[in-house]
Structures are given as C-alpha cells and as structure tokens.
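Assemble chain D onto chain Y, guided by the hints.
Keeping their order, the protein sequence lines are chains Y and D. Taking the working numbering, the leading residue of the first sequence gets -17, the next gets one more, and so forth. Taking the working numbering, the leading residue of the second sequence gets -17, the next gets one more, and so forth.
I should point out that these hints are in silico values taken from the structure, not numbers from a laboratory. Certain hints may be false.
Note that the list lumps identical chains together, so a pair holds whenever it fits in one copy or between two copies.
Unchecked claim - Simulated pairs of lysine to any residue, SDA-like, Cα-Cα distance not exceeding 25 Å: (1) K116 <-> D93; (2) K116 <-> F176; (3) K116 <-> R101; (4) K116 <-> A174; (5) K116 <-> Y163.
Protein chains: 2
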Amino acid sequence: MKQTTARPGAGEPAAPPAATARRRGKALEQAIFEAALEQLTSGGYARLTMEGVAGAAQTGKAALYRRWPSKLELALDALGSTLPPLTDVPDLGSVRAELRQLIGTFQVAMDSPAGSAMRALMAEVDHGGGGLLKDFVMARLVGPARRAGLEVLRRGERRGEVRSGAVNEMVADVWPAMLLYRTKFGAESVDAEFCDHLLEDVLLPLIRPQAG
Amino acid sequence: MKQTTARPGAGEPAAPPAATARRRGKALEQAIFEAALEQLTSGGYARLTMEGVAGAAQTGKAALYRRWPSKLELALDALGSTLPPLTDVPDLGSVRAELRQLIGTFQVAMDSPAGSAMRALMAEVDHGGGGLLKDFVMARLVGPARRAGLEVLRRGERRGEVRSGAVNEMVADVWPAMLLYRTKFGAESVDAEFCDHLLEDVLLPLIRPQAG
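In isolation and in its complexed conformation, chain Y is listed as follows:
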C-alpha cells in the first residue's frame, strides 16, 4: 500500500512549504484511507473511529463526515481502493493449472494488509454491518470468486476435464469457503502447501469425470 502513496516528498524536510501546508484531493484521501485501513487491521471494526482516522491523517472530523456519513462508508471506500480485484484466470490449458492460479491469487490477497482489513470488516457482517457491508462482500469477494471459478469450470468442461454436473455455484464456492475457514480457524497455516492439498485432495476429485 505504501507504494501507491501520491505524496511526492511528503515528510522530507526539504519539501516546499506550499505542498506540505495542506494536502488536498487525492493525497489527503490516500492518507485517510491508509489511516482507516491501519486502524481496521490493528484493532478491528469496533475500534475504528472517525476521530482516530482524522487524527492519524491530520485532518478534521468534520471533513470526514462531510464526505462519509458513517465509519462504515469510510471503511468500505478505503478497502475498495486497495483491495486487488479478483480477476478471471486466463486459459492456461488445464483446469489444474487454472484452479491453482485462482486459489493462489485469492490466498495471497487474503494474506495481504488489504485482506486482513477485509477480514476485520467481514467480522462485522453478523451485526451492525447490515446490507451495505454484505453487498460489498458479495461484490468484491464472493461474487468475483464464484464467477472466476465458474469460468474455469466451464472451460474445463469443454476440454473434457470437468464433469458437467460440477459446473455450478455450489462447487465454485468450495475453494473460497475452505480458504476462509482455514485462514480463520485452522491451526495450520494457509500457505502454498495448503493450496496444493486443497487442489489435489478436494477440488480435482470433486470435478473429475467418472471413469468408465
């Protein structure tokens, strides 16, 4: 996230006074988003406050409220700006290679600071977050994961690698469900080795055509 900061020379002693005196537009927005994500990751949604973000980003609480009616809207905007989009996987010639890439991309994203902030926010789905948050999770996580998975399954079916009964949302939800479950509750770490096992022990057996 640090690399995306659009503040040339900010914090350097030799920076021109006019530039440091007041940050506007993108630079201020970036500082606000970074502060919000930092608070979300370190203390969770319950401990994220408009006051805390305003203080960390060196701006006023009133300025925040002018743009974001609540901390939920701010948190979602901040997360939306850094969360890498879960894009479709290109044709790699085999369903094994494509599923592996899909799982790997998701696992790396969930392991990133943005992923950590995302999980802190997801924890709020059950209470308080309501429709706005659930919509966000569906739009940025569940929906894209499902779409990308279905596309890989359809391509595999055309190649004869995937049985036709396996091309559905239920099957496409298995890998994100397993990654989230293990990330959250597992004693084991969710790393490349885990992704390999998930692919070989669960996903490939689940989708392969019945022999004979």
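What follows is chain D alone, placed relative to chain Y:
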C-alpha cells in the same frame, strides 16, 4: 434456551419471598448466562459489557468480576453452557444418511440462538479474542465437526462407499466450511434444501470411489 431455566416459579407473583429475594448458585448463573447470550446475539461482542450483563441479571458488576476476569471468559462460559455438543453420528448403514444427519445437526445448531451467539463471538477471532477464543472454537466447533466427519468417512470406507484418499481432515472440513461460508455471506438461505444440494453436488461426488 428458555426451557433449561432452573428457576421454578421465577417471575410469578405467587412465588415465595425467600426464593425471589436472592438468587444463588445455579439460578443466578443461569440468569447471567442468559443475559450475556442475549447481549452477544443482539449487539455482538463489542457491545457486550459486564455492566450490561450485571444490570440485566440483576446482580452487581463486582460479583461478575469475582468469577470472570474479563467479558471474554464470561462469554465463553455462557456459550459453552448452551451450545449443544456436536456429537458423533451413529452407524446408519450408509454414508449418505450419516453425512446428511451430520450436516443437518450442524445447520440446526448454527441457526439456533446459541449458534447466533457463537457466530457473534467467532467474529472476534481476528482481533482481540486471541488464543482463548480460538481454542474454544477449535474445541467446540472445528474439532468436533472434523472428528465426527472423519468417523463417518472411515465407516464409509470400510463399507466400500468412500475412496481411501478421501479419508482426511481436508475433506472432513468441507461441509462445515461451506455451511459457515453460506450462512455468513450467501444471498440464499441455508436450509434443508441447501443441505441436500451440498450433499449431492459436493460431498458425495468428492468421496465416491472411482469407477473402473
């Protein structure tokens, strides 16, 4: 939960004065647990307070702190007392019947008030809850679900209904992972129909022996 209340006649106008004047032991504990679960379910862990529980259970905050060093310990005790144990499934003659019972029991439990409180508490795993909470989730949810699943898979393997490569923790985690994922993020409701689909579209294809 109401049925388990061990306060005969509580709240009835004709109750003897000695019994209503001061609740002790089990009756007071029960009132405290009910208040804690009620707060956990309605407002989530962040909004659960020792003060609120003391007020609702008509006791003092000091009395709570004498027994529970923090609200986390209280929440875990309260939940532990009402969460139905996820017991092993008896031999029902087929892996389909046993898995269906296992999924159904879990789905009903997660849908209960205790399950709702459990999910509110699980939301806290990512931040603050730390080891104590993760241990609880492992001991009362992930571990029992995995053990019960493995037992069903092993029995199915002995009957020739389950391929030997499918008898492992990764496969045993698929159904609780899917139930939690859909309960939390799905647009669809997690009901008996969902459980049927999970069984037929995912679990049975995943474990069946390869033909030929």
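_Intra/inter-copy verdict for K116 and F176 if alpha-carbon distance must be at most 25 Å_ = Answer is between: at 20 Å across copies they meet the 25 Å cutoff, but 28 Å inside does not.
*Go through the copies and call it for K116 and A174: within, between, both or neither, with a Cα cutoff of 25 Å.*
Classified as between; 23 Å across copies, 29 Å inside a copy.
*Identical-chain pair category, K116 with R101, by Cα at 25 Å*: For K116 and R101, the Cα distance is within 25 Å both inside one copy (13 Å) and across copies (15 Å).
*Check K116 against Y163 for me: Cα-Cα at most 25 Å, and say if that holds within a copy, between copies, both or neither.*
both (18 Å within a copy, 12 Å between copies)
*When no copy is named, should K116 and D93 be tagged within, between, both, or neither for a Cα gap of at most 25 Å?*
Classified as both; 21 Å inside a copy, 18 Å across copies.
Hint compliance for this structure: every hint is met.
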